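Can you make the complete structure from the sequences, with help from the hints?
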Amino acid sequence: MKTAVGSAKNSAFALIFADFKEITKARLAISVVFSSLAGYFLGAYEIQWGQVLLLAFGGYCMVGASNAYNQVIEKDLDALMKRTKNRPIPAGRMSVNIAMVVAIVLTLLGVLSLYLLNPKTAMFGAISIFLYTSVYTPLKTITPLAVFVGAIPGAIPFMLGWVAATDDFGIEPGTLFMIQFFWQFPHFWALGWMLDDDYRSGGFKMLPTGKKDAATVLQIIMYTIWMMAVSIIPAFGITGRLQLSIVAAVVIFLMGAVMLGFAFQLYRNRDNVSARKLMLASVSYITLMQIVYVIDKFLA
Numbered sequence: 001m002k003t004a005v006g007s008a009k010n011s012a013f014a015l016i017f018a019d020f021k022e023i024t025k026a027r028l029a030i031s032v033v034f035s036s037l038a039g040y041f042l043g044a045y046e047i048q049w050g051q052v053l054l055l056a057f058g059g060y061c062m063v064g065a066s067n068a069y070n071q072v073i074e075k076d077l078d079a080l081m082k083r084t085k086n087r088p089i090p091a092g093r094m095s096v097n098i099a100m101v102v103a104i105v106l107t108l109l110g111v112l113s114l115y116l117l118n119p120k121t122a123m124f125g126a127i128s129i130f131l132y133t134s135v136y137t138p139l140k141t142i143t144p145l146a147v148f149v150g151a152i153p154g155a156i157p158f159m160l161g162w163v164a165a166t167d168d169f170g171i172e173p174g175t176l177f178m179i180q181f182f183w184q185f186p187h188f189w190a191l192g193w194m195l196d197d198d199y200r201s202g203g204f205k206m207l208p209t210g211k212k213d214a215a216t217v218l219q220i221i222m223y224t225i226w227m228m229a230v231s232i233i234p235a236f237g238i239t240g241r242l243q244l245s246i247v248a249a250v251v252i253f254l255m256g257a258v259m260l261g262f263a264f265q266l267y268r269n270r271d272n273v274s275a276r277k278l279m280l281a282s283v284s285y286i287t288l289m290q291i292v293y294v295i296d297k298f299l300a
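Numbering-wise, the numbering used here puts 7 at position 7 of the sequence shown, and it's gapless, one number per residue.
Derived from the structure by calculation, the hints contain no laboratory data.
It is possible that some hints are incorrect.
[What the hints assert, rightly or not] Only pairs whose alpha carbons sit at most 27 Å apart, straight line, appear in this in silico DSS-like list of lysine-lysine:
{"#": "1", "residue 1": "82", "residue 2": "25"}
{"#": "2", "residue 1": "277", "residue 2": "120"}
{"#": "3", "residue 1": "297", "residue 2": "212"}
{"#": "4", "residue 1": "75", "residue 2": "85"}
{"#": "5", "residue 1": "297", "residue 2": "120"}
{"#": "6", "residue 1": "120", "residue 2": "85"}
{"#": "7", "residue 1": "297", "residue 2": "75"}
{"#": "8", "residue 1": "277", "residue 2": "85"}
{"#": "9", "residue 1": "205", "residue 2": "297"}
{"#": "10", "residue 1": "211", "residue 2": "21"}
{"#": "11", "residue 1": "25", "residue 2": "205"}
{"#": "12", "residue 1": "82", "residue 2": "297"}
{"#": "13", "residue 1": "211", "residue 2": "120"}
{"#": "14", "residue 1": "75", "residue 2": "205"}
[Claimed, not checked] Label pairs and their in silico Cβ distance ranges:
{"#": "15", "residue 1": "298", "residue 2": "105", "range": "35 to 43 Å"}
{"#": "16", "residue 1": "283", "residue 2": "219", "range": "14 to 22 Å"}
{"#": "17", "residue 1": "101", "residue 2": "295", "range": "24 to 32 Å"}
{"#": "18", "residue 1": "298", "residue 2": "130", "range": "46 to 54 Å"}
{"#": "19", "residue 1": "96", "residue 2": "14", "range": "20 to 28 Å"}
Quantities reported herein were computed from a predicted structural model and do not represent experimental measurements.
Positions of the beta carbon are idealized from the N, C-alpha and C atoms, including for glycine.
Here you go:
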């Protein structure tokens, strides 16, 4: 009997934990935390592991809060789309009130954790939540320009780590911001291309032209080129303490060229298979680029 009760409790906990991961979009949140930590390692004069833990915890809370607010706001639209209809709220596993409590608690914990690092970090974290939930989310059903707005909070994490480490905002974190800002467009539009039919079911306008056409892919190509250019600017010695060796710059440029190749493949084929390849290439690019930056700093 005790064993059965214990198993039931474990099963219930597993379901609650699964819904928590879903409401906070755990995979996305972890990738954002990774970007923040990369920025921290780049900016830190000396790595303090207490700060690393605060940044990781606070960063997860802030991203998790944004995603929870987003799912509360879009609960009715999520129910219309295949990829989101099984989320905790539209599926009926979590009430709106509980989701709001989760979002508010995560917001408070996130802001407090980042404030303990320094007030600037907390400020940028709070700005990210505000832009994502109060500007980007409602714009998604109105205009494709929502992606431009969403790219701002999406680009904050990389620079946030630098600010957390230095308590300073200047050319260095500004450059990190611009790298991830331009990256957002080919990444998200490739994803938007793949999920266009589903997005339309929910009334979302995500592609820049509203269509899976040549003009959309040309914009993907343009932003990929800008991303490649901005990513190697630190190699020219004009971005303060943020520097990049020639070897690292060449590696990063070649990785960008691979991503650009997938963008041209999408232009030729204009199909979901090519869009998926580009999306996966973009995920690989942002992760490997940040790793190269960090390794290059410590090898220099």
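Evaluated hints:
Straight-line distance between C-alpha atoms of residue 82 and residue 25 comes to about 16 Å, which keeps the hinted pair within the 27 Å bound. Taking the CA atoms of residue 277 and residue 120, the gap is about 37 Å. The hint is violated against a cut of 27 Å. For the suggested pair residue 297 and residue 212, the alpha carbons sit about 40 Å apart, so the restraint of at most 27 Å is broken. A hinted pair counts as satisfied when its Cα atoms are at most 27 Å apart, and residue 75 with residue 85 qualifies at roughly 9 Å.
At roughly 24 Å between alpha-carbon atoms, residue 297 and residue 120 fall within 27 Å of each other, so this suggested pair holds. Restraint check: the Cα-Cα separation between residue 120 and residue 85 comes to about 37 Å, which exceeds 27 Å; the hinted pair is violated. Between the alpha carbons of residue 297 and residue 75 the distance comes to roughly 44 Å, so the proposed pair goes past 27 Å and is violated. Of the supplied pair hints, the one linking residue 277 and residue 85 holds, its CA atoms being roughly 25 Å apart against a limit of 27 Å.
Between residue 205 and residue 297 the CA atoms are separated by roughly 40 Å; this puts the pair beyond 27 Å, and the hint is violated. A distance of roughly 32 Å separates the Cα atoms of residue 211 and residue 21; the hinted pair therefore is violated under the 27 Å criterion. This hinted pair checks out: residue 25 and residue 205 have alpha carbons roughly 21 Å apart, not beyond 27 Å. As the CA atoms of residue 82 and residue 297 are separated by approximately 44 Å, the hinted pair breaks the 27 Å bound.
Our distance criterion of 27 Å between C-alpha atoms is broken by residue 211 and residue 120, whose separation comes to about 40 Å. For the hint linking residue 75 to residue 205, the alpha-carbon distance of about 17 Å falls within 27 Å, and the restraint holds. In this structure the supplied range 35 to 43 Å holds for residue 298 paired with residue 105, their Cβ-Cβ distance being about 36 Å. As the Cβ distance of residue 283 to residue 219 is approximately 19 Å, the hint placing it in 14 to 22 Å holds.
With their beta carbons about 41 Å apart, residue 101 and residue 295 fall outside the hinted range of 24 to 32 Å. Between residue 298 and residue 130 the beta carbon distance is about 35 Å. The supplied range of 46 to 54 Å is therefore violated. Range check, residue 96 to residue 14: Cβ separation about 23 Å, and the 20 to 28 Å hint holds.
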